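Colleague: Keeping the supplied structure of chain A fixed, place chain B upon it in accordance with the hints.
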Amino acid sequence: MKNLIHAELLKLRTTRMIYGLALAALAFAAISAISAISTAGKSGGGPALSTAAGIRNVMSAGLPGGILALVIGILIMAGEFRHNTATSTFLISPHRGRVVGAKFAAAALVGGALALLSSALTLAVALPWLATKHIHVDIFSRNVGVVLLGGIAAMTIYATVGVGVGSLIRNQTAAVAIALAWVLGVENLLVSFAHEIGRWTALGAAAALTNQQANDRLLPMWGGALLFVAYGVAFAAAGTRFTMRRDVS
Amino acid sequence: MKASIQINGLTKRFGNVVAVDNLSFEVAQGSVTGFLGPNGAGKTTTLRMLLGLIEPTAGSSTIAGKPYQELVDPFRHVGAVLESTGFHPGRRARDHLRVLCVAAGLAVTRADEVLDEVGLADVGDRRVKGFSLGMRQRLGLAAALLGEPEVLILDEPANGLDPEGVRWLRSFLRRYADGGRSVLVSSHLLAEIAQTVDHVVIVAKGRLVTQSSLADLADRTRAGVWVRTPQAQALREALAAKGIAAEVQSPETVVALETTTEAVGIAAAGAGVVIFEMTAQHFDLEEFFLDLTTPTANPITQGASR
Numbered sequence: 017m018k019n020l021i022h023a024e025l026l027k028l029r030t031t032r033m034i035y036g037l038a039l040a041a042l043a044f045a046a047i048s049a050i051s052a053i054s055t056a057g058k059s060g061g062g063p064a065l066s067t068a069a070g071i072r073n074v075m076s077a078g079l080p081g082g083i084l085a086l087v088i089g090i091l092i093m094a095g096e097f098r099h100n101t102a103t104s105t106f107l108i109s110p111h112r113g114r115v116v117g118a119k120f121a122a123a124a125l126v127g128g129a130l131a132l133l134s135s136a137l138t139l140a141v142a143l144p145w146l147a148t149k150h151i152h153v154d155i156f157s158r159n160v161g162v163v164l165l166g167g168i169a170a171m172t173i174y175a176t177v178g179v180g181v182g183s184l185i186r187n188q189t190a191a192v193a194i195a196l197a198w199v200l201g202v203e204n205l206l207v208s209f210a211h212e213i214g215r216w217t218a219l220g221a222a223a224a225l226t227n228q229q230a231n232d233r234l235l236p237m238w239g240g241a242l243l244f245v246a247y248g249v250a251f252a253a254a255g256t257r258f259t260m261r262r263d264v265s
Numbered sequence: 067m068k069a070s071i072q073i074n075g076l077t078k079r080f081g082n083v084v085a086v087d088n089l090s091f092e093v094a095q096g097s098v099t100g101f102l103g104p105n106g107a108g109k110t111t112t113l114r115m116l117l118g119l120i121e122p123t124a125g126s127s128t129i130a131g132k133p134y135q136e137l138v139d140p141f142r143h144v145g146a147v148l149e150s151t152g153f154h155p156g157r158r159a160r161d162h163l164r165v166l167c168v169a170a171g172l173a174v175t176r177a178d179e180v181l182d183e184v185g186l187a188d189v190g191d192r193r194v195k196g197f198s199l200g201m202r203q204r205l206g207l208a209a210a211l212l213g214e215p216e217v218l219i220l221d222e223p224a225n226g227l228d229p230e231g232v233r234w235l236r237s238f239l240r241r242y243a244d245g246g247r248s249v250l251v252s253s254h255l256l257a258e259i260a261q262t263v264d265h266v267v268i269v270a271k272g273r274l275v276t277q278s279s280l281a282d283l284a285d286r287t288r289a290g291v292w293v294r295t296p297q298a299q300a301l302r303e304a305l306a307a308k309g310i311a312a313e314v315q316s317p318e319t320v321v322a323l324e325t326t327t328e329a330v331g332i333a334a335a336g337a338g339v340v341i342f343e344m345t346a347q348h349f350d351l352e353e354f355f356l357d358l359t360t361p362t363a364n365p366i367t368q369g370a371s372r
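Chains as they are written, first to last, in the working numbering: chain A, 17 to 265; chain B, 67 to 372.
Derived by calculation from the structure, the hints in this document are not laboratory data.
Bear in mind the structure is a predicted one, so any value in this text is a computation, not a measurement.
One or more of the hints may lead you astray.
What the hints assert, rightly or not - With a straight-line Cα cutoff of 35 Å, these simulated DSBU-like cross-link-like pairs (lysine-lysine) come out:
{"#": "1", "chain 1": "A", "residue 1": "K149", "chain 2": "A", "residue 2": "K58"}
{"#": "2", "chain 1": "B", "residue 1": "K271", "chain 2": "B", "residue 2": "K132"}
{"#": "3", "chain 1": "B", "residue 1": "K132", "chain 2": "A", "residue 2": "K18"}
{"#": "4", "chain 1": "A", "residue 1": "K18", "chain 2": "B", "residue 2": "K195"}
The following block holds chain A by itself, in its conformation from the complex (with noise of 0.2 Å):
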């Protein structure tokens, strides 16, 4: 298992498509994070940087980036399917679980350190700004610490979410049309205008992981944090039960 894991790292370190999405994911932070200081306050901007929630809006700027790391997720999988490595993959490794289960782990390992990456970006951005704002900020506190490991564990789940969705849709391109599509389309709607039902999608129970717009709209954080580690359960044994049958030609 620990060889499968190492050749599914060594398979993303091997080709350019991963050093292109975390150049785009840290930029996202980065800009994301500039963007969210230099608006704070202003109309049409968050709210203001001296409340708790400016800072928040801050902290979690650069978390829609996470979308990426479900990006990652889908071509770790479906990019087997892509380029037919499937065949010499699953000749090495004929016990497909153990397979897939590696593929959810070096997601989740990538999908995690992308996002230690963004979060030391973002704070790399705010940290000295707000300090030329006189503006004192405890980075273990709520509003900060909890936001970023909040979204740390998106960015984790998000990549194993994709590689579900990758088993389940084996086409790469509509694979990731449709993801994105979903997810921000769809789910964003349903977030934005049917808080009902919005607060139990993917991208709702990532929100309030996230605590990004903590208010009623959406579940309560540890609630939020449930039912994202339910959907990446959800589609981690979809995606398994899926290759495990399928025929590989």
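Modeller: What follows is chain B alone, placed relative to chain A:
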């Protein structure tokens, strides 16, 4: 002789289409076996079932005595080259092999060793998208060799190879089997592998047509004379008396082997045997193969193959 591959009644149905129909055959240890049939005969599906990639509708198969999924470290027993497209185009050739080494728990230095074995040592740092079809075939072969397996399975390996590449592949497979290891190689062209194989398994429409050694197959395809006569047994004896081998294939037909219509006619006249019809048959292996695998079978091969 011990069998290194055994296929027992394998069947695969895709909806209403029966791709492989109750197929059974064996591959003997230390032999090169050609798995022949026209395109769409079910060869690839059979090989993928053997390798645990496709679940059979019925039947079973073993390699080194076990189903593929039950082999411990299967790559140490079997190496397979199934298609020339199983590579990420943006990954370097050596990295493709290293990934497989890591997954298999083999030393990554094996990657360089097998690149050398297949003659790709100089291009290991290139990304696969720049590879020709022939180079991809060699890279696939390199991957199959990583675990130093005693059985090699290749699906249409000569596709896309130039004549030089085909020659290289033939000698490679020959050397491989001469070391006591076994090779199962599929092809839709008999001529492509006739110089390499010891045994042939011929399939058409998912069914076994014939399985024999290449020598036996060649015997069956020798030129001969097909005769229709009411005195089949008498004709066979008359021919035998003149030193001409012949087979009675049905109460009314005799096939005289390696002879001419003149010789058969003289022998028949001498013995007073009545002849209704007589045709000279000139075969080569390729024609024989075509006859076996197409629906309108020739009378001689019909008798020989059942």
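Colleague: Against the structure, test the hints numbered earlier, and report the numbers of the ones violated in rising order.
Modeller: none
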